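Student: Construct all of the structure, not just a fragment, from the sequences and the given hints.
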Amino acid sequence: MAARSVARRAAGTVVHRATIVFFLAFAVFPFYWMVVTSFKQNADLYVGATNVAHNPFIFNLPPTLDHLRILFGQTLYLTWLRNTLVVGLLVVSITLLLAVPAGYSLARLTGRWGERLSIGIFLTYLVPSTLLFIPFSRLVSLLGLQNSLWSLVIIYPTFTVPFCTWLLMGFFKGLPKEIEESAMVDGCSRAGAIWRIVLPLAVPGLLTVVIFALTLVIQEFVYSLTFISSVQRMTVSVGVPVALVRGDVYYWGSLMAACLVTSVPIAIVYSFFLDRFIAGFTVGAIK
Amino acid sequence: MNTTTVSAAPVLHAGQTIRRADRRLGVFMLAPALLYITLLVALPFLLALFLSLTNSSAGSLEFSFVGLQNFKNVVASPVFRRALRNTFVFTFVSQAAVMVLGNVLARALMRPFFGKTLARFVILMPWAAPISLATLGWLWIFDSTFSVINWLLKVVGWLGPGQWYYWLGDTTLGMVAIITIHVWRMLPFSTVILLAGLTSIPNEVREASAIDGAGTLARIFQIEIPMMRPILTVAVLFGVVFTFTDMSVVYLLTRGGPYNSTHVLASLAFQDGVLGGDVGRGAAVAIFLVPVLVVLAIVMLRSSRRAEVV
Amino acid sequence: MQTRRQFVVRGTKLVAVGAVAAAAGPTIFVRDAKADGQLKILQWSHFVPAYDKWFDPWAKEWGAKRGVNVTVDHVGFADVVPRATAEVAAQSGHDVHMFLGLASAFEEHVIDLADVVAALEKKYGKQVELAHRSTYNPFTKKQFALSDMWVPDPGNYHKEVWSKIGMENGPSTYDDLVKAAPEIKKVAPQMQIPIGVGLSQDIDSNMAVRNILWCHGGSIQDKDGNVVLNSPETLRALEYTKKLYSVGMTQAVLSWNAASNNQAFNAQETAYILNSISAYRTAQDNKLPVLANYFFTPALKGPTGTQLASEHVMSGYVVWKFSKSQDLAKELLVALVDASRDSMLGSKLYNFPSFFGAAAEPNTPLNRKQESGAAWIAAQCNKDPFGSTPPDKLALLAKSLPWSTNLGYPGFANPAEGEIFDTYVLTDMFAKAATGALSPKDAMAEASTRAKQIFDKWRQKKMVPGGGKDK
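Read top to bottom, the protein sequences are chains A, B and C.
Per my numbering, the first sequence starts with residue 1, numbered consecutively.
Per my numbering, the second sequence starts with residue 1001, numbered consecutively.
Per my numbering, the third sequence starts with residue 2001, numbered consecutively.
It is worth saying that the hints were derived from the structure and are not from the lab.
Note that the structure is a prediction, hence the values are computed from the model and not measured.
Hints may contain errors.
Stated by the list, open to error - Here are the computed lysine to aspartate or glutamate pairs in the EDC-like style, where the Cα-Cα straight-line distance is at most 16 Å:
hint	chain 1	residue 1	chain 2	residue 2
1	C	Lys-2123	C	Asp-2456
2	B	Lys-1072	C	Asp-2456
3	A	Lys-177	B	Glu-1224
4	C	Lys-2126	C	Asp-2456
5	C	Lys-2369	C	Asp-2338
6	C	Lys-2185	C	Glu-2160
7	C	Lys-2287	A	Glu-115
8	C	Lys-2469	C	Asp-2456
9	C	Lys-2471	C	Glu-2160
Unchecked claim - Stretches of chain B that chain C covers, calculated by requiring three or more beta carbons in the stretch to come under 8 Å of a beta carbon on chain C:
hint	segment
10	1092-1098
11	1253-1260
By construction, the Cβ of each residue, glycine as well, lies at the ideal position given by its N, Cα and C atoms.
Tutor: Encoded structure:
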């Protein structure tokens, strides 16, 4: 009896570990592939997969730094990274500035019509960028912002603000009302209560919004592709393909290196905030 | 709900004035966001609706009205109908897969094991990677000549001599590839949400059901899943929204090929409207996304709220 | 669980980063000063990267001599059209925009360059016919673009493999491909795709399927702009492709992007592709093993002997109506044609001058200039300055003009042809017929309906002729 249950537990553990390994492999494989590709010599890289003897998982020729050298030396990758970050941080600031008060207002101050409005606001996130593209081109030129990163700073909140307002609204609803109310009883104004009591409590929600908006900005490429033309002002998601896909040549090694170098820091930041992120998202989303 | 008696009296006393001040403050706080959205989303959206009734080319604002001609042409086009179908297929298949796999993974992650922190980090990576760059990585993995997947299948003997999978050259395999990327990308996100849901179920509930003699499966389906309904709804809602509106995966991976059979509405709208220069037609295609999303979002928001009340 | 204090600290850090970013902002967000002495050019990222290294300094230097600040921006070839769409919608952006043969769709938005062409013809003699047909709309009588160069599209074949099956000079007819495919499978079983003619949604395939269509006597439009896709000739081309696909190709060709056929050929996974010499230059740059067997053949002949291939790239420089430096832009275009020799060498013989006369020896009389230019071009091809073995490997390029033609053949390139090209109507038809997704008849009917819709739309705008004799 005891032996059997031990065996069963062991079997359960094996299944559990196998499950974990399977998912790890699925998640990590493209990244592993990026690493391998980034450091392989071209002669090792471009061998057809029909050649069973040539194992693509390992380095059949000594690894090379050529692709990284191309990425950092012959393209403006670092500039694009900086541009993306600057745009990202400005968009995040604008998003917070607009979405935090709006989210709070919808959660606490507007009653029933606020709820309807909040659905309306969320829906604007769903308007496809292909539809907005033409009107935005006009707007950008009216403002004289073509080929300027400011155009992205102005346009990107069109998808971050609706989403984040909605997220934050849920998050504020999740906080107990009594907290502000008791502060107000103590002589604090509503605004003061929000500033001193509510916002510090809402930090997990705010962090969620920051990370989330940042990811949306980094991966956007339709607007970036069409509003920015100078290579020095491109963002990563546009600059990388433009410089490294040259019509009929893909610089696979450098491309994969770029994907890797961009993704990994974000992933690290994410994991750092993982617990807050979960809290922010779930509380925010279901309320 | 359970306001303390101490604070209740003064609040009631000052109720009227606070509420009026609140309302003013509410409008004041909402106005900037609302103004921004109206100016930069609502108005352009109306302009786009308007363009779908014209023969505007290459984004110029010189055009003439063609009424519903764009819509008629679009609806009659087999490529469009295919794209409409694909949009649904991609969304539902990938979300179904994400829900099943996400539940499995979240349960696995609940148990303690060596290296759990690292495992969580790794599993989260696909969600953190910018999708346009990650898709390039997949493009390389699915390459018709250099696909590492095929090499693997060849080595293990799944693919015999002369057999080959052309991932992006076959409609079915192309759809599989696109769905794989969507699953890969959304799985971490849903897992994280589901994990939160699972963690929030009190241990007593589980223990109680175990005492009642409920099996594991019964426990999952009769107790845990109903309890997690709000959170499942959230995971599905976001998954659907991201998959449904995404054009980067299709645009970068298959460009809608082979023979325009893997397009989704968003990528087809881009091909017709921006690449082909027929702005009116592109707008007409994209507009079909809107009613579907509206219905979807309202239904799901409603159901999540109801679940919360129950 | 972290304390609230930790969060506040982290939040403060984040704000600090934001503030730094905002401070750094102004240095990045510099807007271009709007000066008259300013010319902005949008170019593709050339398929032969060496060309950009020639063009950018050349344009800058040209500007410097005139006290003009010239900016050159490059985008990927697939982004040329979306960018143009955005700039037209915005009514601002670059002054000069380079298209790859599809400028016709933007005719309404560009200025007439008839005077530029007239000046150049006075200087160098006539431009090649396919360049004329790609940049002029006879219906509206507008010279909407200027072509400084075009690129031949020969066949690339693997000499060793083709020698083994007794065709050491590669295929010369479409029929040869069908006959050779099973033989290639026998002598080179490791090759994945014996014949690599693309049928996917990309630029190379778009050219390839047109070649097949024309060589079988079919075309989208007739010379007067009537849609004649619905024809027995088209059907024959589709039946042919279906056969070729079944004996010599795989689904790979349905998924190819512009890089794939190069990669496949350079990895020795296919024995025949249709491509310009950029793939060859890549093989050279990387010293790939395929190099010794990398050879070229002229366009293939159809069943009735028709031998035609679309140009691989046709440059079409336009000057936007919204440009404030139109005269300067025109001057630049003239200068670019003046530099035809350098342009051809800068692109490692990828670019062929549209004005042959511009490559002539200096001081040649006008009536001898075209001849002299052709001789210089032939001299380059016969002895590749960029190191081919044998040195005359590219000699056939010098003789490619007779079998090269324009998109829109037998008519002119027009906006409708451009839109059909950009939305892959033809590759769609060919791929569906080849794979059996639709019968050739149904595929043809579907494509023909779409083609007529597109032509009708542009006829309503009075930019495309014909319509009376649509089939």
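Student: Next step is simple, just say for each hint if it's right about the structure.
Tutor: Hints and how they fare:
For the hint pairing Lys-2123(C) with Asp-2456(C), the CA-to-CA distance comes to about 39 Å; that exceeds 16 Å, so the pair is violated. Between Lys-1072(B) and Asp-2456(C) the CA atoms are separated by roughly 14 Å; this keeps the pair inside 16 Å, and the hint holds. For the suggested pair Lys-177(A) and Glu-1224(B), the alpha carbons sit about 29 Å apart, so the restraint of at most 16 Å is broken. Our distance criterion of 16 Å between C-alpha atoms is broken by Lys-2126(C) and Asp-2456(C), whose separation comes to about 33 Å.
For the hint pairing Lys-2369(C) with Asp-2338(C), the CA-to-CA distance comes to about 13 Å; that is within 16 Å, so the pair holds. Straight-line distance between C-alpha atoms of Lys-2185(C) and Glu-2160(C) comes to about 13 Å, which keeps the hinted pair within the 16 Å bound. For the suggested pair Lys-2287(C) and Glu-115(A), the alpha carbons sit about 65 Å apart, so the restraint of at most 16 Å is broken. Pair hint Lys-2469(C) plus Asp-2456(C) holds up; C-alpha atoms about 12 Å apart against a cutoff of 16 Å.
The straight-line distance between the Cα atoms of Lys-2471(C) and Glu-2160(C) is roughly 45 Å, outside the 16 Å bound, and the hint therefore fails. With a threshold of 8 Å between beta carbons, the proposed coverage of the segment 1092-1098 of chain B by chain C is violated, since 0 of its residues qualify and at least three are required. Against chain C, the segment 1253-1260 of chain B contributes 7 residues with a C-beta closer than 8 Å to a partner C-beta. That satisfies the three-residue criterion, and the hint holds.
In summary, the structure is inconsistent with hints 1, 3, 4, 7, 9 and 10 from the numbered list given earlier, while agreeing with the others.
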